[in-house]
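2 protein chains.
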Amino acid sequence: MKVILARDLLQANSDQAQQNRLFFERFGVVSLNLISSPGAGKTTLLEKTLFLLKDKVAVGVIEGDIFTDRDAVRIAGLDVPVVQINTQGTCHLDARMVARAMQELPLAELDLVLIENVGNLVCPAAFDLGEHYKIALLSVAEGSDKPAKYPGVFQRARAVVITKADLLPHLDFDLDACEEELLEIHDSLEIFVTSAKSGSGMRHWVNWLASLTKGPLAGRV
Amino acid sequence: MKVILARDLLQANSDQAQQNRLFFERFGVVSLNLISSPGAGKTTLLEKTLFLLKDKVAVGVIEGDIFTDRDAVRIAGLDVPVVQINTQGTCHLDARMVARAMQELPLAELDLVLIENVGNLVCPAAFDLGEHYKIALLSVAEGSDKPAKYPGVFQRARAVVITKADLLPHLDFDLDACEEELLEIHDSLEIFVTSAKSGSGMRHWVNWLASLTKGPLAGRV
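In order, the protein sequence lines correspond to chains A and B. Note that this note's numbering has the first sequence beginning at 12, numbered continuously upward. Note that this note's numbering has the second sequence beginning at 12, numbered continuously upward.
Hint data in this document are derived by calculation from the structure and do not stem from the laboratory. Honestly, I wouldn't trust all of these hints.
Treat identical chains as interchangeable: a pair holds within one or across any two.
Claimed, not checked - The calculated lysine-lysine pairs, modelled on DSBU-like cross-linking and capped at a C-alpha distance of 30 Å, are:
1. K225 <-> K160
2. K65 <-> K225
3. K160 <-> K208
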């Protein structure tokens, strides 16, 4: 019989996450945990972000997927260090998985590690991976009501990247209402409205990422 | 200390689900469990489906959401019996929640109950609610690679409704590749390509639903 002690497990996860965070900090690495629904465009945003960022900032990637290594293959094509985690059915990454994946990255050479979580707007929000910040992605195709319906991840996020903005002319997405709802949930959120396809908003988002690696998170002031 | 016995819980869920199914069948009601990512368009599909179906088939709806009753309010506007379940943070519906919600529906007057699960492509697939069939929705905005990356729900589904087909001209979604991948996962899947916005494909989907209520699932042959 499999016995899970829910509170113990979450505590063990928090302990491991804290160790991961200290380990990142020992190397002056800032770590971000990207969370969204399936198909919100995490990997495409990552590809474009890495393309714009990698000459300024040394970035590594941890790719979380339930199955397949398709995303890691896409990222590896950009000549960036990338490690794939396959959760084999589990609906979120946890700190232990990230602890193992970190060992495979050349942390001493990196400024920033981007962790792409499993596509799921609910469960990943509850598991600290040792990141400095959670970043939530929301595709405009999902509808502007999602922050109120799935508040957990938006409450815990430092920034929200609204993706696929090139589709706005074809949708009934109310951008103002969505931003207002996000700021009601969490009034110091950074909000970036982006299209990886057209490039709009990407420079603003990438500059913000670069600024994190030059600030106190990275031990630099 | 909270102790969860994982296997026992899943067994208890299966037992309750079996009771729910028998209860639906006692009233000749066919029940379907709609599963998708957040924002794939479950509620919009439901609205258009009910509009086309409700004069032919007596339909009731169980709305699952983590928080808010927005979806139930939308459905109630169509003058269809609807019950809202708020999971208060839980990432899926379970059979016990549905057992309680069923009591609030006039089952003796219904042919079909549509259960809209929480927006999550992973966890809901593991929980039998007492439905006759699971129906997976996939929005074309999510990308054609989702069946391979999230196979669980597609393996267990009887039908897949591809939604938001009106966006296809603006996306790189490969419909043929997606259908091929779906049929590789599960070769007797029904696949419907729909746009609730333009109405395309809706008649085919609605006719299939109507046919279920005239077949052996409803105790009619």
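Hint by hint, here is what the structure shows:
no.	hint	verdict
1	K225 <-> K160	neither (35 Å within a copy, 35 Å between copies)
2	K65 <-> K225	within (15 Å within a copy, 60 Å between copies)
3	K160 <-> K208	both (27 Å within a copy, 22 Å between copies)
When held up to the earlier numbered hints, the structure conflicts with hint 1 and nothing else.
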